[in-house]
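Protein chains in written order, with our numbering: chain A, 50 to 289; chain B, 9 to 283; chain C, 591 to 824.
Wrong hints could be hidden among the right ones.
As the list claims (entries may be wrong) - Stretch-level coverage of chain C by chain B, calculated; a stretch enters the list once three of its residues show a Cβ under 8 Å from a Cβ in chain B: (1) 672-681; (2) 786-795.
As the list claims (entries may be wrong) - Derived coverage of chain B by chain C (criterion: at least 3 residues anywhere in the stretch with Cβ under 8 Å from a Cβ of chain C; other residues may be distant): (3) 36-48; (4) 185-198; (5) 207-214.
If you're looking for bench data, these hints aren't it; they were derived computationally from the structure. By construction, the Cβ of each residue, glycine as well, lies at the ideal position given by its N, Cα and C atoms.
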Amino acid sequence: MADATGPDGLPIVVSGTDVVAGDTRVLAAIDLRIVAHRRTFILGPNGAGKSTLLRLLHGLVAPTRGSVTWGGRAMRPVRQAMVFQRPVLLRRSAAANLRHALALAGVRGKEATRRIAEALSSVGIEAIADRPARVLSGGEQQRLALARAWALAPEVLFLDEPTASLDPTAARAVEGIVHDIGARGTTIVMTTHQLAQARRLADDVVVLSAGRVAEHTQAVEFFRHPASEEGRQFLEGERL
Amino acid sequence: MIGRLARNALALVLATLAFGAMAENPSIVVASTTSTQQSGLFPKLLPAFEKETGISVRVVAVGTGQALDIGRRGDCDVVFVHDRVAELAFLAEGHGVKRYPVMYNDFVLIGPKSDPARVAGGTDIAVALRAVNAARAPFVSRADKSGTYEAELRLWKEAGIDIAATKGPWYRETGSGMGPALNTASAMDAYVLSDRGTWLNFHNRGNLGVVVQGDKRLFNQYGVMLVNPDKHPSVKKDLGQKFIDWLVSPRGQAVIAEYRIDGEPLFFPNAGTDS
Amino acid sequence: MNTISESFVLALTMVANVDPQIVAVVALSMAVSLSSTLCSAAIGLPLGAAIAVSRFRGRSALIAVLNAAMGLPPVVVGLVVYLLLSRAGPLGRFGLLFTPTAMVIAQTVLITPIVAALTRQVVEDAWVEYREYLHSLGSGWFRSTQTLLWDTRWSLATVLLSGFGRAAAEVGAIIIVGGNIDGVTRVMTTAIVLETSKGDLPLALALGTILIAIVLALNLGAQGLRNWAKLRHG
Numbered sequence: 050m051a052d053a054t055g056p057d058g059l060p061i062v063v064s065g066t067d068v069v070a071g072d073t074r075v076l077a078a079i080d081l082r083i084v085a086h087r088r089t090f091i092l093g094p095n096g097a098g099k100s101t102l103l104r105l106l107h108g109l110v111a112p113t114r115g116s117v118t119w120g121g122r123a124m125r126p127v128r129q130a131m132v133f134q135r136p137v138l139l140r141r142s143a144a145a146n147l148r149h150a151l152a153l154a155g156v157r158g159k160e161a162t163r164r165i166a167e168a169l170s171s172v173g174i175e176a177i178a179d180r181p182a183r184v185l186s187g188g189e190q191q192r193l194a195l196a197r198a199w200a201l202a203p204e205v206l207f208l209d210e211p212t213a214s215l216d217p218t219a220a221r222a223v224e225g226i227v228h229d230i231g232a233r234g235t236t237i238v239m240t241t242h243q244l245a246q247a248r249r250l251a252d253d254v255v256v257l258s259a260g261r262v263a264e265h266t267q268a269v270e271f272f273r274h275p276a277s278e279e280g281r282q283f284l285e286g287e288r289l
Numbered sequence: 009m010i011g012r013l014a015r016n017a018l019a020l021v022l023a024t025l026a027f028g029a030m031a032e033n034p035s036i037v038v039a040s041t042t043s044t045q046q047s048g049l050f051p052k053l054l055p056a057f058e059k060e061t062g063i064s065v066r067v068v069a070v071g072t073g074q075a076l077d078i079g080r081r082g083d084c085d086v087v088f089v090h091d092r093v094a095e096l097a098f099l100a101e102g103h104g105v106k107r108y109p110v111m112y113n114d115f116v117l118i119g120p121k122s123d124p125a126r127v128a129g130g131t132d133i134a135v136a137l138r139a140v141n142a143a144r145a146p147f148v149s150r151a152d153k154s155g156t157y158e159a160e161l162r163l164w165k166e167a168g169i170d171i172a173a174t175k176g177p178w179y180r181e182t183g184s185g186m187g188p189a190l191n192t193a194s195a196m197d198a199y200v201l202s203d204r205g206t207w208l209n210f211h212n213r214g215n216l217g218v219v220v221q222g223d224k225r226l227f228n229q230y231g232v233m234l235v236n237p238d239k240h241p242s243v244k245k246d247l248g249q250k251f252i253d254w255l256v257s258p259r260g261q262a263v264i265a266e267y268r269i270d271g272e273p274l275f276f277p278n279a280g281t282d283s
Numbered sequence: 591m592n593t594i595s596e597s598f599v600l601a602l603t604m605v606a607n608v609d610p611q612i613v614a615v616v617a618l619s620m621a622v623s624l625s626s627t628l629c630s631a632a633i634g635l636p637l638g639a640a641i642a643v644s645r646f647r648g649r650s651a652l653i654a655v656l657n658a659a660m661g662l663p664p665v666v667v668g669l670v671v672y673l674l675l676s677r678a679g680p681l682g683r684f685g686l687l688f689t690p691t692a693m694v695i696a697q698t699v700l701i702t703p704i705v706a707a708l709t710r711q712v713v714e715d716a717w718v719e720y721r722e723y724l725h726s727l728g729s730g731w732f733r734s735t736q737t738l739l740w741d742t743r744w745s746l747a748t749v750l751l752s753g754f755g756r757a758a759a760e761v762g763a764i765i766i767v768g769g770n771i772d773g774v775t776r777v778m779t780t781a782i783v784l785e786t787s788k789g790d791l792p793l794a795l796a797l798g799t800i801l802i803a804i805v806l807a808l809n810l811g812a813q814g815l816r817n818w819a820k821l822r823h824g
């Protein structure tokens, strides 16, 4: 379901970028290139700056130094979506949450209704379309957040540890949905500290350590021979 | 549903806002004193006038001083008050057209049954006030710019007492209208000067009763004036004058004379006299 | 029988007999206070929401001013509105003094800061939660404000009710600008003042009882609505 006019918010290019919050340098000297149709996983221990890097790529955080461009432009493109670790749901029904996001993207009326139905059934929650979003279970809430992103048919989807607060069953369901969205041609950038998840889903891996990119390699390569010391330690940590 | 609610609410707002401008009846605003309203005279007088002329009268009842101020700002058409000195000043400033005497009633000295100053039954207000002062008996004063307060100050002077110099904790300046002053006196078993009309229509009397009356210095004259339309163009000259003419006409004077509580007249019409 | 029990009986009698004069006074009270609540909603909701989602120089000073203005002395507001609307004042030519409109204006001045300050608080709490998501959607300032106002509507209903309660219970400002004219600007509170002046304390208290009962009923209704909304919408 890639856009007919081709990706225009890609590649995302980060060059020489620092992000400073207060007096802490959260990200330092980042150079990164996210290309179309790949599932890129940002790995690293807690506090490495994964969430900030994701927000930088999405345009929610401005670089203190350096630059971020999307398809060569400094303007953050519209056709991106993000799913947060704790889903932000409006105090409305599940379907109304989708309708709100679609309206902001300029999709209304019958087209909106069609996309809402399609997205809800894609994540398997069409039965609860009219239930208030905020009384759903944690797993249902995260699936709803994914459906909402799905309905927007974004060029790039960012996911910030979407399974971190879910039980294993719900987490596997979410992984399946992420896989399906990627299979449609949507470029995916996701943070996680679960190596197993990256092993199952990632095309590319970015290892982040203390605010710096330690390595950016293809997943297959990474799991076989991590190029960086940090990557190796991270992999060994899993074996322990 | 929200939309319909909002529409209904909006309609209600517009209706309320239109209230002031609604052309139901021609109307005038009369600034008057609390005594005319709280004595129950206006609720009797105004319907009679409205029935005969179709003009509705909107009364703003405040102290005489404030009523005259409302006139000075051009915010009413007619003032109907009781302080001859202040009324003449109002005329001299050019805010009023002409002053018409309408009626009088009288002030009475109200006091508690215990009567600590031993003045009950007296007819000489000066003697009574001297006794209140000598006994340092609690006395409630309006201490506002009302006609009653101006009268009270004149009476202290008549009694030969410089109240500003001699007042002590016994002399309680409330800065309130007649009714609140009576409520205060009732709660404190104090003496208080009141107009008879408000007193007769006052319910919360407690231990209070009339202790001194009948002195001619307790005479309380009411006058009515049209606010000067040359100075205040918004004044409804014709309607206001109609109200004044009716008040001083035999018909209006008769309604005033007929108003009684328990058979006792509250106001005595005296239009056409030089009062 | 003492004054208090006497006035309760009187209040019940007046309600039971649907005393037309009382009904007119209650209706005017409600119309005036409802109008001023709607006016203050029209100003205070967008203003409070705008402050909640904006960052600018002097913002915290503005919030402090707004919070302080929640306690504006009614008599002072009444006096200022009186001087503005007086024939001798800047808005004198509209002839609004001693009309219900003047009372609506005075009450609106009194309760708009309450509505704006409480709205700011409610919307800002939601804003903290929604900010990243709305930014992520590319929702502009105006659309974000709209979303937040809609999503906090049940809390805001309570905010408006606080404003309404204050307006309906207030007397200092409206007795000055309305003049307490029988049948035109006499509302519950000014009628209570008048009956107290006449020393008719049972009648005054009976009117007060009705006023309190109305405000109480409205608040119970709003609380029920809010509980229902919390259950229904989370």
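Review point. What hints, given by number in increasing order, does this structure fail?
Key: none
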